[in-house]
Structures are given as C-alpha cells and as structure tokens.
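**Q** Sequence lines, in order, name chains S and L. Take 11 as the starting number for the first sequence in the numbering used here and just add one per residue. Take -14 as the starting number for the second sequence in the numbering used here and just add one per residue.
Each hint should be verified, as a subset may be incorrect.
The calculated lysine-lysine pairs, modelled on DSSO-like cross-linking and capped at a C-alpha distance of 30 Å, are [said to hold, decoys possible]: (1) L:Lys(-9) - S:Lys150; (2) S:Lys107 - L:Lys75; (3) S:Lys64 - S:Lys135; (4) L:Lys(-9) - S:Lys128; (5) L:Lys94 - S:Lys150; (6) L:Lys(-8) - S:Lys91; (7) L:Lys146 - S:Lys134; (8) S:Lys107 - L:Lys94; (9) S:Lys91 - S:Lys148; (10) S:Lys128 - L:Lys199; (11) S:Lys64 - S:Lys107; (12) L:Lys(-9) - S:Lys148; (13) S:Lys134 - L:Lys199; (14) S:Lys33 - L:Lys182; (15) L:Lys126 - L:Lys56; (16) L:Lys152 - L:Lys182; (17) L:Lys(-9) - S:Lys91; (18) S:Lys71 - L:Lys182; (19) L:Lys110 - L:Lys60; (20) S:Lys71 - L:Lys83; (21) S:Lys135 - L:Lys272.
Partial selection, computed: residues in chain S whose CB lies under 7 Å from chain L [what the hints assert, rightly or not]: (22) Pro93; (23) Ile237; (24) Ile240.
Residues from chain S shown here face chain L by an in silico Cβ test under 10 Å; the list is partial [stated by the list, open to error]: (25) Ser73; (26) Gly80; (27) Asn83; (28) Ala85; (29) Arg86; (30) Ile87; (31) Ile109; (32) Met199.
The hints are simulated quantities; they were obtained by calculation from the structure and are not laboratory data. Small disclaimer: the values here were computed from a predicted structure and weren't measured. Cβ atoms here follow ideal geometry from the backbone N, Cα and C, with glycine treated the same way.
If you want the building blocks of each chain, they are given just below.
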Amino acid sequence: MNDKSNKNSIIRLFNVSKRFGGKLALKDITLDIEQGELIFISGPSGAGKSTLLKILYLAEKASEGQILIGGMNLARISSSKLPFLRRRFGMIFQDFKLIPNRTVYENVALVLEVAGEKPSFIRKKVMQVLRTIGMEKKFKALPPTLSGGEQQRVAVARAVVGQPSIILADEPTGSLDLKSAQIILDSLMEYHKKGATVLIVSHNLHLLESTVRSRNVEISEGTIKRIATIC
Amino acid sequence: MIHFVKKALADIHSNRFLNLITIITISLSILVVSVFLLFFENASRVIESWNKGGRAMIYLKSEFRMDMLPKLKVKINTLGDIDEIVYISKTQALDKLKKNMSSQSAFLKTLKENPLPDALEIRMKSYNSFEEVQKFAQSIKAIEIVEDVEYGQGWLGRFLKIFNLFKITGYAMCTLFFLIALFITANTVRLAFYSRKREIEIMRLVGATETFIKAPFYVEGLLQGFLGGILGMVILLITYLAVSSGITQSFASYMYFDIRFLSVQTIALIITGSIFLGWFGCYLSLKQILK
C-alpha cells in the first residue's frame, strides 16, 4: 500500500525492502511522514516494525529502495556523517538502553556531551528535562536501582534533551505496567505537541485509544496492510 | 578534553586491577630498557675516558742507540697526529719498577743485567676509534728498530667485545620487553573495550562520533604509558641510589669510576617512549577491534 507524497514530509520511504539472508523482513514499503506528525506502527510480532525503525536510524541498511530524512538520502550517508544524522533523532527502546554504571544525570547528559555542548548548558538542560519527567530527585541514581517505569522515563528524558525533530520509540511501553506506560505515553505526547515528529512502534493497540490525532500504519509480514487516521 | 581525561580516569578506577597490571608491565619493560641505557651511558663514558689518553708504549730492540732517537721521533710523527713522545731508558724503567715493587724488589737485585728494553711513551692528539689506534700501532710496529707496541689492545679490545655483546643483548631484551608491554597494553584496551561494548553501542545510537568513542581509550593508553614510565624510572632511581655508591667504592682502589644516573634527555626520551608505547598499544587494539 502506498502513501501520497507531501511537501512537509520529514521522512519519506520509497519501495524500501530489507532482506536478512533469504528472508524478506520488509517488502516494498512506501510511506511519507509529515513534520510534527504522530505515527503508530503496529502489527504482530515479527511483522517488521522494529526493522523499519532500525532502517530509519541506520542500525540496519535497506536492501532496496530509498529513504529520505529531512532531505538527506540515507543511502548516501557516509559513516562519518552517521552520528550527525542520529543526533536528529531521539530514540527510546523497550529495553531502555541506559548505561548501567552511569547515573541518571550522566545518561541524559551523554546526548549533549556527544553534541559538544558546554558543561554549564548541559547541567541546566539536563536538570530541566529531568524535572519535566519527574526524575530530578533521582539524578544521582544508577539505572539498575530504578524501576522499569523510572528507567523508561530516563530514556525519554535522554531522547528529548537534545530537542530532536524526530522521536523514534520502539515498543516504549512494552515492558511496563499500565500506569508507567501511561506516564511514558503522556511524556511523548507532550513533546509531540511541541512540534516533534513521533514514531511509536507498538503491538499494543490499547495505546491508540489514549492519544491525540495520529496515523496508524499497520504492518504485517513485512508490508503495509493499512494506514488509518485516528482522531 | 577534560571530559575524556575524566572518563579515562574513571575507567582506570573501575578496572583498577587490570590497569595496575598493565602499568607494572610497562614499568618493568621501561626498567629493563633503562638499566641497559644506564649501563651503556656509563660504560661509554668510561671507554671514552680511557681512550682519551690515547697512550701507547713502544718497546725498542736492544740494538737501539741514543743517536737513533731524533730520527725515530721524526718517523713516528709522520705516522700520526702525535701530541707527545717521551723517551724512557731501560735504566729509568728499572728504577720505576723497583720503586713500584718496593716491598718485593729483593729479587730484582739478583738480576745481573737490566732485562727491560728502552721505550717511548707516546700520546696521540686525536683519534676517533679504538681501531684507529690499533692501525696506528701496527704501522709503528713495522719500524725496524721497534720490538713491540702496547696500547691496551688486550684488555680494551676484550672489553669492547663484551661491551658490543652486551649492546646486542640489550637491544634484543629491549625489543622483547617492548613487545611484551605492547601486547599487554593492547590486551588491556581490548578488554576495556569489550567490557564497555554496550555503553559504546548506546553512545553510537545517541550520535557519538568514533573520535568521541575512541578518545578516552587513547587517553587511558597515554596515562598507562606515562605512569608506567614514571614508575620504572622511580624503581631505577631507588636501585641506583642503593647500589651506585657500593660500586664506586669497590672500583675506587683501581681507577676513578664515577657512575652517573641517566641524563635528563635520556629520562625524557624514556618517558616519551613509554607514553608512545601506551598510545601504540591502544592504536593497534582499536584498529583491530573497529576493523
């Protein structure tokens, strides 16, 4: 299933396929995502949702097709330019991907450190984001001492601290209880309202009921089965 | 830069044991190299000072007569750059011998005639090597009236041979220890890298450049090299202070023998080499891991 192109598109995929050996994980995906849009990518396990996300942040390379992000063709991005592309994304993972031996503050600050920001700015910005997410009192804590919900809140803080234009969330509530999942989702909605493009990969359709206007891209067996607008 | 140093120090702290082993290995390697350098520096100085005299004794045949002396001096002067030629008659030589062997000179009185030859003691103005002295001595020996020439060819030649053998052993040992230290350093960096694999993966995901990822490892390698070098120098200095006075006293009755510690330039060179060792070990390791 194809999607109409749009002048405000921030992410554009043209006939993207991904093969792992002989197995086709994604097949002929064409999709346009507008700036500031909220997109849910849903589908059963093994449908290719996470692979699609990995292709966007270049953890995997597309076997076929073209991907444009903010006008940049991912096929032409050199390895030296890759970090700069990734700084445009804020990423959230189901397993949090926090550095266990670094404090909450250090985990969040890492994004700004790699971007070469000044220490004074980093201090101010990190504490501000941690306050927003309700984790300011635990800024010295190490991730393994936190609950799953708290760890995911730290991951959200890390994803948004660099004020990225795109937030990619791969099953952000997958391992959380309902209450924690709602907090994470509310945080993401907050940043979406501020203008960020948010892509959430989830097999949990329950999430769709609690959101603002969005689109749901349903993937099954590596292809887009349906695109529905949710109001 | 401060961030990288802080990160490197934190890594050294979290892998204390591994880093300590690396630093000790580097320091031992540096110690071995430094011991050889200390020996070479002092031995070279001793050889230089012994050579400085450039003295040779020319023993003359019994047919020698005093009227031959001016001609002989002229001839010797044409063979090399001579500073001084002193004639020592056989009588003077015997008197000197009696004086030197005052306590055991009784048997010298039994001699019916003086067995010592007339001799010339010469001192060369300048020469570059022991071989040059040797060549010069051979050309003097070719003069008809000359019986023999003595220029320390026995002991000095033997000493030089031992010295050169030591030099080769020194180079081999230094290379071996350098390689061992390099291997250990590279291995430490490799282990540190693997222990931080997840962290590095996350850093890449949030947009860290390869330079940002590698820099702390390089700083760690440089610090290991520097600390290893300093530790090696400190051990050498302590050993030197403990041993040098004893050696100087033992040799004092034979010759003036002054052992000196390594020069500032050599110490700086060793520390720089040690830092390079840390850096190079890191470079090799990261090059292989990130290939």
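**Q** Please go over all the hints and tell whether each is borne out by the structure.
**A** To see whether the hints hold, each was checked on the structure:
no.	hint	verdict
1	L:Lys(-9) - S:Lys150	17 Å, holds
2	S:Lys107 - L:Lys75	97 Å, violated
3	S:Lys64 - S:Lys135	28 Å, holds
4	L:Lys(-9) - S:Lys128	15 Å, holds
5	L:Lys94 - S:Lys150	98 Å, violated
6	L:Lys(-8) - S:Lys91	24 Å, holds
7	L:Lys146 - S:Lys134	71 Å, violated
8	S:Lys107 - L:Lys94	101 Å, violated
9	S:Lys91 - S:Lys148	34 Å, violated
10	S:Lys128 - L:Lys199	20 Å, holds
11	S:Lys64 - S:Lys107	14 Å, holds
12	L:Lys(-9) - S:Lys148	22 Å, holds
13	S:Lys134 - L:Lys199	27 Å, holds
14	S:Lys33 - L:Lys182	28 Å, holds
15	L:Lys126 - L:Lys56	16 Å, holds
16	L:Lys152 - L:Lys182	44 Å, violated
17	L:Lys(-9) - S:Lys91	26 Å, holds
18	S:Lys71 - L:Lys182	21 Å, holds
19	L:Lys110 - L:Lys60	16 Å, holds
20	S:Lys71 - L:Lys83	98 Å, violated
21	S:Lys135 - L:Lys272	36 Å, violated
22	Pro93	4 Å, holds
23	Ile237	28 Å, violated
24	Ile240	29 Å, violated
25	Ser73	22 Å, violated
26	Gly80	14 Å, violated
27	Asn83	19 Å, violated
28	Ala85	19 Å, violated
29	Arg86	18 Å, violated
30	Ile87	13 Å, violated
31	Ile109	5 Å, holds
32	Met199	22 Å, violated
Checked against the numbered hints above, the structure violates hints 2, 5, 7, 8, 9, 16, 20, 21, 23, 24, 25, 26, 27, 28, 29, 30 and 32; every other hint is satisfied.
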